[in-house]
Amino acid sequence: MTAAPAVCTRALSRSYGSLKALDELDLEVARGQLFALLGPNGAGKSTTIAILTTLLAPTSGEAMVAGWDVVRSPRQVRASIGVVFQEISLDDRLTARENLEFHAMTHGIDASRRSPRIAEALASVGLSSAAGKRVRAFSGGMKRRLEIARAMLHEPAVLVLDEPTVGLDPQTRRTVWEQLAAIAATRERTVFVTTHYMDEAERCDDVAIVDHGRLIARGSPAALVARAGGERLVVRTEDDAKAAAHAQALGWRVGNDAGRLVIEGDRPEAMLARLAERAAGIREATIVRPKLEDAFVALTGRELRDVREEGGDRAAMATNLRARGRR
Amino acid sequence: MSPLATDLAAVVALSRRDLIRFFRDRSQILGAVGRPAIWMLLFATGLHHAFSSDLDSRIGYKQFAYAGAIAMTILFGGMFQGVTIVWDREFGMLRAVLVAPVSRTAIVLGKTLAGACVTLLQGFAAAAFAPLVEVHFGAFDAVRLLAAMAVMALAVTALGVTVGSRMRTFEGFGVISNFVVLPLYFLSGGVFPTSGLPPWMHALVLANPVTYGVDLMRASIGQPHAFAATIDVGVQAVFATAMCLAALGAFRRAAG
Ligand SMILES: Nc1ncnc2c1ncn2[C@@H]1O[C@H](COP(=O)(O)OP(=O)(O)OP(=O)(O)O)[C@@H](O)[C@H]1O
Ligand SMILES: [Mg+2]
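Residue numbers (this note's numbering), protein chains in the order written: chain A, 1 to 327; chain B, 1001 to 1256.
It should be emphasised that the hints constitute simulated quantities derived from the structure, not laboratory data.
Glycine is no exception: its CB is placed at the ideal position from the N, C-alpha and C atoms.
A portion of the hints provided could be inaccurate.
To be verified - One-sided and incomplete, this derived list gives chain B residues near chain A with beta-carbon spacing under 10 Å: (1) S1002; (2) A1005; (3) A1009; (4) A1010; (5) R1017; (6) L1042; (7) G1046; (8) R1095; (9) V1097; (10) L1098; (11) S1103; (12) R1166.
Here chain B stands alone, though its shape is the one from the complex (with noise of 0.2 Å):
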């Protein structure tokens, strides 16, 4: 096989393998499902009833937390992603890839795809959950939904695969993907609205390339929204650009 072939097979066996210990694992499944039903149903259900006055009119809480649902379970998701590299090393693994005939570049895409595509499906599976918070819409709009998911996906496990090449332990990688998860969430415009906050927040929502996936997201079904389709589309396709180069340097430089 030429080396480029060799690449090839490389990153399906990669891609492969992660999936198929994905659904091995049960307790990852369960979470896949219960997590987002338990936001939508619980969380969601309780602040619309409790503030959906504040909202804007067009929109109740439950429909407005819809997309910010979703993204919660790809940003959780994405960048758990990350900590099967740093799995991968404490169990050995890895040596074993790392001395295969293959690049890293080929790795790096093997683990990012593999991991995009689970994220992907939880992010369906909480997507899925429409109905629970009276969110309705068509074939079109789902496809063009799960598009705008599978952007977003792909940047956050690349943001997963970054943080977990520069760690070496699991708590480690807990620690900071919280620190770098959460503020990324908050900030969204995913859990709450972002008119009427305090000017420095609202730079910092605007500085978030994940406001833009939860506007797309929005736009894609035909909710509010707060951006042209065309900014969100550039910002996600510039944020999923910048994360998988910087999941490459970070590999490289941990791999040597």
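In isolation and in its complexed conformation, chain A is listed as follows (with noise of 0.2 Å):
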């Protein structure tokens, strides 16, 4: 293997007619890293994930997965990937087993090694009593953690997943990032994950934010947690006055939020106890750490996307519903 990063792009762009999906997006993800890339609906992750997974040629720039151009050597860059869609993609007139086998031979696994793989791949997501299941019987849960220990089967140097946790309960999500931290944890191979959950996201090593199709931020979520401001005091007190008084002469920066002091500084435990020393009379207390999803909503804004597309297929919903009554 070369030291190529897992997945590079240089000014990747895709449009749909007018809408530009991906604009100029440079993107480059080290290999062995836990990486996640988050967006609001519409963002264009899925569109990236298209691309690097070769199912969607760029409109302009380029993409390499592994060390290979998306382009030029499409099958090279199938077999370095593990893909989950978004949508389950399975056959679900197969049972568990043969989906996988049917996996592993259009992956290359030898025959010999087939059986152990499979037994493994579905001990891994707790599916060994379902494998001679139909997937049609499957609850959607299943079917992700199917779909989950289909794309390791193979071992794949870059494991791609586009929200791979949607539907699925705590307990199958925490089982899911334990692997995925475990592959990264290698070294060797790299996890390249879209999700929605904030939590998930702080779990990575290395996190991208884009928006309308472009780079936003880049970083560990501790940077971009940073950049959100920092860690505050939010208090009640008897007399707010002395109280803000004391802290600016401690040297913390002092602001109002709805009747309460905001302090500003490192350390809020220290500083609650030391303010607390001084003026007496605390009513509340609370520490404030902002987190990742502070974050994005401070970078993506608050207005919810695909708002205006929505309302259109609303529209065109009751004029469906209208026409029909008419007959």
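Take the two lone chains, each set in its own frame, and fit them into one complex as the hints suggest.
Below you can see the structure in the form of structure tokens.
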């Protein structure tokens, strides 16, 4: 294997008509990372994944996976990746085992290694007892787990997962993330995941936030959180003016938010103790630690996405219903 | 595994998958057996009594329609195999196949071979109704008939895959496949004799590759037929090859 990054895009763009789903995206993910791509609905995450998995051609720019160009060497790229798509892509007329056998045969796993690998993969997602059941009869979560097992079956260098844990129960989410972390912990294999769950993103080594097809933030979760403002102490006291004067005297920044004092500084627990020594009558105190979610909202804004399109759908549906009613 | 070995394994995997799906689908099996049975029993026998006097005196309508009924089964069955591509696209499975490190050729080949096998099985079921229409032939003829059916099944399935690759919806596939299949069937000499047709229609019959498949089937079981076997075989071989290439082209274009 080369020391090339697991994923590298340069000015990667993809348009759908006049809509720029991806707009000159530059992204580099080092090998052995647990990497999360975040972004609001319609930001371009699935479009990025479609290009990285060779299913969609870029309009311009380039993308490399495991050192291979997705346009020039698609077969080598495909041999390097395991994919979980946003939508279920199993054959529901086949059993779980048959789905994995199909995958093993199309991914060059030797006949002798197929059975043990499949048994192992099924066990890893707790589906051993359902191996002979048709996927049709699976719950949504079981289908997802089977897809995750399938993506890992051939031990790909880069695992690409598009919102893999949607609809999974907390136990399964936890095991899935433990597996993803274990894969990245080898420092050989890379996990590239999109998610809307900020607690999941916080577990990653490295995070990128995209919006409107552009990269808007990049770094470790901690670094991104720091950009959303530091930790703060929020207090209500018997005499706010006095408490504020004390805080200022100690060199902390003081603000006001809905009748509460907001005091910014390092280590809010220690700040609270020192403040309590001087300014008596603290009635209420909260320590606020910004999370990745705050950083995400700060960076991408508060408005909902795809609202216009959804409104359009609803209008179309109403028209449709009226038309039916007339018949 | 080498790329070639992976491609071969993929062809096997794709074929196996579609065969499993077929055998799990009772309605498809029932259709495969029921359609030709109804056709031969009701349609052919009915028409036999209606106008057997107008036909070639060496053969009754029942016997005449036998090869046509097999061709019909293969045409509809083979064409319908193309719908599995639309199906796979609709239900996401196609994407899982397209990210596998296998050549597009292997995918098309796997789909086409599996479809042709299923189609041939359906043709088999139709051919087995020979006693129903009082057609009799020996084991050697049966093998020749089967070979003729196999080539036609391959060609028609490839045609189905071609159409399936270009269609995005089931409805679209249904409309287009009927547009393609019905003329191929009616102008094949399998439903009515082609002697005495208006010249424009006769020209279409001669241009229709299925005509030669039906003729070859007739020849293989010792029924009166129109062309030399070498012509029939040649046209069928060209038909099958051309359709496989068309399927490959259409799938490549659609899959990128
Ligand atoms: N086939 C298509 N034709 C037209 N527009 C498309 C197509 N696919 C995606 N888009 C548009 O491209 C943009 C990016 O879509 P994409 O699916 O990549 O978003 P996403 O980040 O995955 O969103 P989500 O979180 O909702 O899955 C959206 O505005 C979407 O409407
Ligand atoms: Mg998406």
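Against the structure, the hints:
no.: 1; hint: S1002; verdict: 8 Å, holds
no.: 2; hint: A1005; verdict: 7 Å, holds
no.: 3; hint: A1009; verdict: 4 Å, holds
no.: 4; hint: A1010; verdict: 5 Å, holds
no.: 5; hint: R1017; verdict: 6 Å, holds
no.: 6; hint: L1042; verdict: 32 Å, violated
no.: 7; hint: G1046; verdict: 38 Å, violated
no.: 8; hint: R1095; verdict: 5 Å, holds
no.: 9; hint: V1097; verdict: 7 Å, holds
no.: 10; hint: L1098; verdict: 6 Å, holds
no.: 11; hint: S1103; verdict: 7 Å, holds
no.: 12; hint: R1166; verdict: 18 Å, violated
Comparing the model with each earlier hint shows violations of hints 6, 7 and 12; every other hint is respected.
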